[in-house]
Amino acid sequence: MRWEGSMFREVQQVPARGSMVFQPLLLAGHRYVLLGNDFAPSRVFRLGAGGRLEPAQELPAPTPRAFVPLAVGHRHFLVATSFKGATQIYAHVTEDIGT
Numbered sequence: 008m009r010w011e012g013s014m015f016r017e018v019q020q021v022p023a024r025g026s027m028v029f030q031p032l033l034l035a036g037h038r039y040v041l042l043g044n045d046f047a048p049s050r051v052f053r054l055g056a057g058g059r060l061e062p063a064q065e066l067p068a069p070t071p072r073a074f075v076p077l078a079v080g081h082r083h084f085l086v087a088t089s090f091k092g093a094t095q096i097y098a099h100v101t102e103d104i105g106t
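According to our numbering, numbering within the sequence shown proceeds without interruption in unit steps and concludes at 106.
Please note: incorrect hints may appear among the correct ones.
[Stated by the list, open to error] Quick list of simulated restraints, FRET-style, between CB atoms:
1. 94 - 12: 41 to 51 Å
2. 17 - 103: 28 to 38 Å
3. 21 - 72: 10 to 20 Å
4. 29 - 77: 11 to 21 Å
These are computed hints drawn from the structure, not numbers from a lab. Even glycine gets a Cβ: it sits at the ideal position worked out from N, Cα and C.
Make a model of the complete structure from these sequences and hints.
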């Protein structure tokens, strides 16, 4: 949503059935938004060049309640705390798919 003087205007919709967490974060210099769902896989969105959220990955984290970025040396991780299961840790990996 975007504020336009007297009201909010919709900018973009994201699938959010069962969403309990909608969290922006900066991880290894990249901007992401994480959507934690109870009824569907959680989703990672990357902030694209045009300012829109682009789907990047699904996470099988069960009922996440928070996401925390963690840097250890030159490695970056995402910690997903769960309401129903174990806390999960994901390694941040970027791949150059350009030619």
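Each hint tested on the structure:
no.: 1; hint: 94 - 12: 41 to 51 Å; verdict: 43 Å, holds
no.: 2; hint: 17 - 103: 28 to 38 Å; verdict: 34 Å, holds
no.: 3; hint: 21 - 72: 10 to 20 Å; verdict: 18 Å, holds
no.: 4; hint: 29 - 77: 11 to 21 Å; verdict: 20 Å, holds
Violated hints are absent here; each numbered hint is respected by the structure.
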